[in-house]
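Below, each chain spelled out in residue letters.
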Amino acid sequence: MGKTELAIVVLVLIGIIVSSSTMYYTATTMNNMSTLTTDISTLTEDVSNLTSSVRDLATITALIAQSVGQFNQSLADLQARLAAIEASLAAKSKETIIVGTTDNVELTLDPAQAYDYFGWCILQQISGTLVSVMPNSTTGSDFVPDLATGWNYSSDLKTWDFTLREGVMFPSGVEFNATHVKYSFDRAIALIPNIPEGAPAGLGYDAIINRTEALSEHKVRFVLNFPFSAFLGIIACRASAIVDPEHAPIAQVNYTAGNAQASTPIAFVGPYFLSTWTRVGAKDIEIRLDANPYYWNATSGKPKIKHVIFRFYSDSSTLRLAVEAGDVDMAFRHISPTDALDLDQNANVNVWWGTGAFIQYLCFQEKRAPFDDARVRMAVAAALNRSAVCKTVFLDLSQPLYSIIPPGMLGHTEAFRKLGTANYTLTRNLLAQLGYNQTHKLTFDLWYESSGHYPMSAEQALLYKQAIEASGVITVTLKSADWSTYRANRNSEIMDAYVYGWYPDYVDPDDYSFLYWASWLHTNYSNATQVALYDQARATTNLTRRAELYAQIDNMAVQQCSVVPLYVSSAWAITKPSIKGIYLDITQDMRYWLIYFG
Amino acid sequence: MGLRSYVITRILLTIPTLLLLLTMVFLVMRVLPGDPVALHFEKKADPWQVESMRRQLGLDKPLLTQYAEYVFGLIDVNYFLAHGYPNLGKSMSNFDEVGGQIFSVFPATLELAIYSMIIASVTGILLGVAASKSYNSVLDQLIRGLGTVTYAVPVFFLGIVFQLIFGVYLHWLPTSLRIHPSVPPPATVTGLFTVDSILQGNVIAFFESVKALLLPSLTLGIVLSGIFVRLTRTNMLETLRLDFVTAAKARGLSEDTVTYGYALRNAFLPVLTMMGLQFAALLGGAVLTEKTFSWPGLGGYILDRISSRDYTAIQGAVTMFGLVVALVSLVVDLLYAYFDPRIRL
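For the protein sequence lines, the chains are Y and D, in the order given.
Going by our numbering, the letters in the first sequence line up with residues 24 to 621, in that order.
Going by our numbering, the letters in the second sequence line up with residues 267 to 611, in that order.
For the record, the hints were derived by calculation from the structure and aren't laboratory data.
Check each hint, because a few of them may be wrong.
[Stated by the list, open to error] Result set (EDC-like, lysine to aspartate or glutamate): computed pairs, CA atoms no more than 16 Å apart in a straight line:
hint : chain 1 : residue 1 : chain 2 : residue 2
1    : Y       : K306      : D       : D570
2    : Y       : K325      : Y       : D313
3    : D       : K399      : D       : E504
4    : Y       : K181      : Y       : D229
5    : Y       : K325      : Y       : E118
6    : Y       : K599      : Y       : E118
7    : Y       : K390      : Y       : D468
8    : Y       : K306      : D       : D362
9    : Y       : K306      : D       : E504
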């Protein structure tokens with residue numbers, strides 16, 4: 024092959040290569056163009072979709088914004104509703120108070136039988152009496168109208184007339200009138216032979232009241248067997264609660280499970296009515312009181328708290344824990360003195376302090392030696408150290424008592440101070456007259472109640488023993504018994520010396536002074552002069568004269584020492600700080616209808 | 267002897283046991299010093315009133331008549347059907363039916379006993395098995411120590427500690443009572459609050475009654491679990507060494523199957539007996555736990571009736587307790603026969 028041929032071949036090859044390359048490039052470019060076009064088309068479509076989506080998004084955003092707005096509105100509505108519910112609940116919670124107690128209704132809520140503190144406490148909330156004692160009374164004799172609007176008495180104090188309040192309705196729709204008063208007292212007296220342990224029997228209604236007369240629809244008269252200046256005290260106590268004849272047969276009314284009305288014969292004319300009373304095996308489980316819409320004084324806004332629920336705890340330490348845990352709004356009876364003082368330092372609770380009227384005293388069995396001699400009794404009384412007991416056992420929450428009548432009350436004296444405190448000189452001198460000395464000591468048994476019926480009995484007894492034995496001429500043997508055995512021992516008169524206690528039935532010296540010779544104490548002490556003085560005090564309304572007579576009784580008691588006063592208690596209640604309206608006065612009454620949430 | 271014959275024999279044997287118990291209770295209550303009727307009156311009671319009460323309680327009748335009335339009253343089916351509880355006489359304090367009083371407080375005790383026993387047995391058995399499986403290890407020593415401590419700790423002390431922690435400081439649980447004071451209890455159907463609240467669809471009452479149950483049943487359950495830990499551990503250790511356990515392992519069965527399916531079933535028998543005894547004792551009322559938690563059960567009732575010298579109520583409660591123990595013993599014996607066929611031989 025020549026050079027030309029070679030050149031042509033090369034050129035052809037180059038042409039082929041170039042053309043092939045060009046064609047390839049062109050094809051590729053075309054292909055790319057096609058893809059690009061498709062892409063552009065897709066892109067255009069996407070842009071279009073995106074535009075549409077953006078438009079949708081805007082719509083959605085708008086919708087979301089609208090929904091959020093609605094949601095916010097709903098949330099605001101919901102919050103408002105919740106706030107309303109909370110406010111309603113808060114208001115409702117302020118209408119209910121939960122009270123914890125270690126108390127218990129002893130037997131019944133029939134005023135013809137009930138004779139215990141808690142039974143009377145419940146009766147006070149749900150029943151009505153003709154008169155009552157003003158809250159915060161310092162003497163217990165500030166009587167105010169209740170179901171009676173006024174009263175007067177004859178000059179001989181044997182005829183007492185009461186004008187009854189009009190318009191007081193029983194829940195049954197019956198209007199309260201004089202026949203109800205007459206029926207209530209006639210029934211109480213009629214049941215005395217069948218219920219010798221009842222309050223009317225204990226207070227001697229049959230001995231005091233000769234008859235009750237309904238003078239008119241709203242006038243009632245009590246004719247008494249003897250002049251009785253403290254009669255208003257009797258009328259104000261729960262044994263005088265007005266009963267509803269429809270539910271009050273001339274027979275004792277007992278607890279009926281599941282039927283509150285059938286469990287009590289009283290007329291529900293008090294601030295509350297008994298809506299639930301659950302009791303198992305003579306122990307209360309729950310008592311619920313609800314505001315009585317028929318309460319005659321409801322227009323005054325009472326009761327301030329609409330529902331009172333009582334819960335029952337086995338002992339004071341469990342009750343204290345319930346208070347601290349906030350399980351109960353209020354604890355009343357019995358938080359121990361130590362716990363009460365401790366809780367007083369707790370900012371989450373409020374401790375209310377008040378006057379007490381519960382007293383304890385030392386009794387001597389006088390039918391046999393050694394206490395058949397007044398000098399022996401006085402010797403032991405002189406050796407007592409009341410202050411040490413009040414300080415050590417009750418942490419100064421009780422006060423030494425030197426008269427059977429508590430301080431603040433008419434007729435209170437300091438008569439027993441004459442014997443001194445731990446006055447061992449007097450003790451030794453008196454006993455020396457009878458041949459007792461450090462080698463020949465007086466010995467006797469000192470009994471105390473051991474099942475918690477009285478507060479801190481064992482601790483008290485130990486200190487009494489120590490103080491008496493510190494005289495050096497007396498040996499004391501401590502003995503104890505549970506409440507049932509203790510009172511049986513008292514009745515069978517086997518105890519040399521024994522500590523006993525007294526809650527007043529009505530706050531009047533008349534209900535204390537007789538303790539010096541009370542037959543049921545079985546001390547075998549009697550003194551006609553003291554009884555005559557007591558009767559004279561009953562027969563006068565002259566307060567100065569009455570105070571003089573009770574002082575005379577006290578002075579004679581110091582010489583005889585049949586019963587020796589020991590101490591008078593204080594009262595306290597524990598509540599949440601928001602609770603107000605607690606009155607702890609000398610009556611020992613807890614008026615739940617005056618309590619409110621502050 | 268087949269299972270049926272064993273059951274019949276065992277039930278028949280319960281009858282003379284109960285009769286002996288009833289006779290002893292009846293006689294002891296009557297030979298105690300002091301006149302229970304005279305003790306009832308505090309201040310002044312005329313002799314005719316004392317006599318009237320004695321008549322009302324049937325105590326004026328000859329001893330044999332009283333005994334016959336007591337026994338026949340107890341098995342009076344018509345009375346039982348009419349009242350829903352046996353005739354245990356009338357309370358001396360308020361003449362209420364003692365049977366009614368006891369059956370009112372019994373559900374509280376039963377509920378506490380059931381939950382406590384569940385906690386005690388589950389905890390005790392599981393820990394006992396775990397200890398036996400890791401014999402002489404640190405875990406074993408720890409569990410043994412725990413068992414001893416829980417058994418030794420006084421129930422009232424543990425209860426107060428729980429009350430302080432969970433009630434007073436944390437405010438998680440109520441310190442006492444069967445339901446929080448602010449919540450009304452459910453209406454009585456069975457008397458068991460947890461069951462009654464479910465039956466009535468009362469969710470709040472259910473949760474509150476469970477919350478109230480937690481502290482007392484945990485306290486009692488933990489204290490009781492100690493004895494189950496030790497008993498289960500000891501019996502498991504013995505059982506795990508027996509040939510049939512080795513054989514089961516040799517057959518390639520899993521460890522859990524061998525432990526729980528074979529060994530525990532055999533080791534369980536003494537634990538079951540103890541469970542029966544403890545449960546019967548709990549049904550008589552866990553006095554300290556009930557007192558600590560103000561739990562209104564049978565223990566507190568008996569204590570209260572004793573302090574009130576309510577002899578008829580005490581007699582009824584002791585009889586009831588005897589019946590419960592006899593019944594639980596019977597059930598335990600039957601379960602024993604079920605778990606261990608050798609018993610029936």
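Status of each hint after checking the structure:
In summary, the hint linking K306 (chain Y) to D570 (chain D) is supported, as the alpha carbons are separated by about 8 Å, within the 16 Å threshold. Taking the CA atoms of K325 (chain Y) and D313 (chain Y), the gap is near 12 Å; set against the 16 Å cutoff, the hint holds. The straight-line distance between the Cα atoms of K399 (chain D) and E504 (chain D) is roughly 11 Å, inside the 16 Å bound, and the hint therefore holds. For the hint pairing K181 (chain Y) with D229 (chain Y), the CA-to-CA distance comes to about 14 Å; that is within 16 Å, so the pair holds.
For a cut-off of 16 Å, the pair hint linking K325 (chain Y) to E118 (chain Y) stands: about 12 Å separates their Cα positions. As the CA atoms of K599 (chain Y) and E118 (chain Y) are separated by approximately 14 Å, the hinted pair is consistent with the 16 Å bound. Between K390 (chain Y) and D468 (chain Y) the CA atoms are separated by roughly 15 Å; this keeps the pair inside 16 Å, and the hint holds. As the CA atoms of K306 (chain Y) and D362 (chain D) are separated by approximately 13 Å, the hinted pair is consistent with the 16 Å bound.
Proposed proximity of K306 (chain Y) and E504 (chain D) is contradicted: the alpha carbons are some 49 Å apart, above 16 Å.
In this structure, only the earlier hint numbered 9 is contradicted, and the remaining ones agree with it.
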